[in-house]
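Number of protein chains: 2
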Amino acid sequence: MTSGYFDESEIGDSRKAGPYFVSKEEIIQFAKQFDPRPFHIDEEAAARSVFAGLSASAAHTFAIFISLTFKLQPPIFAIAGMGYDELRLPNPVRPGDNLDLESTVLEMRESKSKPDMGILRNQVHLRNQKRETVLQCISSVLVARRPDAKPSM
Amino acid sequence: MTSGYFDESEIGDSRKAGPYFVSKEEIIQFAKQFDPRPFHIDEEAAARSVFAGLSASAAHTFAIFISLTFKLQPPIFAIAGMGYDELRLPNPVRPGDNLDLESTVLEMRESKSKPDMGILRNQVHLRNQKRETVLQCISSVLVARRPDAKPSM
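Going line by line, the protein sequences match chains D and B. If you're matching positions, the first sequence starts at 23 in the numbering used here and goes up one per residue. If you're matching positions, the second sequence starts at 23 in the numbering used here and goes up one per residue.
Chain D extracted, bound-state conformation:
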């Protein structure tokens, strides 16, 4: 697993990225644009809510996950996300959190329509500094094949 091509991936491979520091200002700014509910934009209202404090919008947490996918190490030549299954946000993202991403290959198959690409299905966990999962899903990602790869693995 030294290059980013599909062909060098194996089931069970784990890639990591982070940390991503989440500031209070970023939480409020993102939520004002896309999810302006009081517990995402107003500290006092958030303290009184079921969330007991300011927390990031689910859309913001998802955006942080996507931003970390480009920093995964070892690298992977991801071309496009194809889909996301069983997306859950079991714990809130709080101001000051440091998030890191772990992506583990669950399944891999060649693309039927694109012989120069393969598809990796990954178990994804975005966790905070307390090792609590704040986002998890199964992502399906289109990945470049090695130029000299045989059409059938």
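Treat the hints with caution; some may be incorrect.
Copies of the same chain are indistinguishable here, so a pair counts whether it falls within one copy or spans any two.
Below, in silico cross-link-like pairs of lysine-lysine (DSS-like), each with a Cα-Cα straight-line distance of 30 angstroms or less [to be verified]:
1) K93 <-> K54
2) K93 <-> K134
3) K93 <-> K46
4) K134 <-> K152
5) K93 <-> K152
Don't read these hints as lab results, they were simulated from the structure.
Given chain D's structure and the hints, the job is docking chain B onto it.
Same frame as chain D, but now just chain B:
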């Protein structure tokens, strides 16, 4: 289906929101922050890519979906998103697109842990002005129950 409480929802109910106008500037600004790949931030590079033109980040499309959920009509007293299944982005979001959201109730059940809430499972479609789906998923949403609702429906 005249109020936003869980108890007035029925399977098959459809709610709508939109349009949401997507500007080129917003696509580029969002992508620079969370998904700075050339086909999201550079028109010339995008024209040469497999996407054949600038397109919004998947994270941006998801954020637009979330922002429209608060504008659904008839309204719904949504407290929190619990999860998203089978999330797919079958067509790209382009500069100048007008997106609208349709959410249809698939299943409904009382919350076991929170007697004042219920859970709606919805089939969601975000579509552009050509009626192409740009995002689809099944969302599970925690919804307030009518204060006088019986503990068992």
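So, going through the hints one by one against the coordinates:
1. In this assembly of identical chains, the alpha carbons of K93 and K54 lie at most 30 angstroms apart whether taken from the same copy (27 angstroms) or from different copies (15 angstroms).
2. Within a single copy, K93 and K134 get their C-alpha atoms as close as 28 angstroms, which meets the 30 angstroms cut-off; across copies the closest is 40 angstroms, which misses it.
3. In the homo-oligomer, the alpha carbons of K93 and K46 lie at most 30 angstroms apart both inside one protomer (23 angstroms) and across protomers (25 angstroms), since each shortest distance falls under that limit.
4. Taking the shortest alpha-carbon separations for K134 and K152, only the inter-copy value of 28 angstroms comes in at or below 30 angstroms, while the best intra-copy value is 41 angstroms.
5. When the C-alpha separation of K93 and K152 is checked against a cutoff of 30 angstroms, the pair qualifies only within one copy, where the shortest distance is 21 angstroms, while the shortest distance between copies is 35 angstroms.
In the structure shown, no violation is registered for any of the earlier numbered hints.
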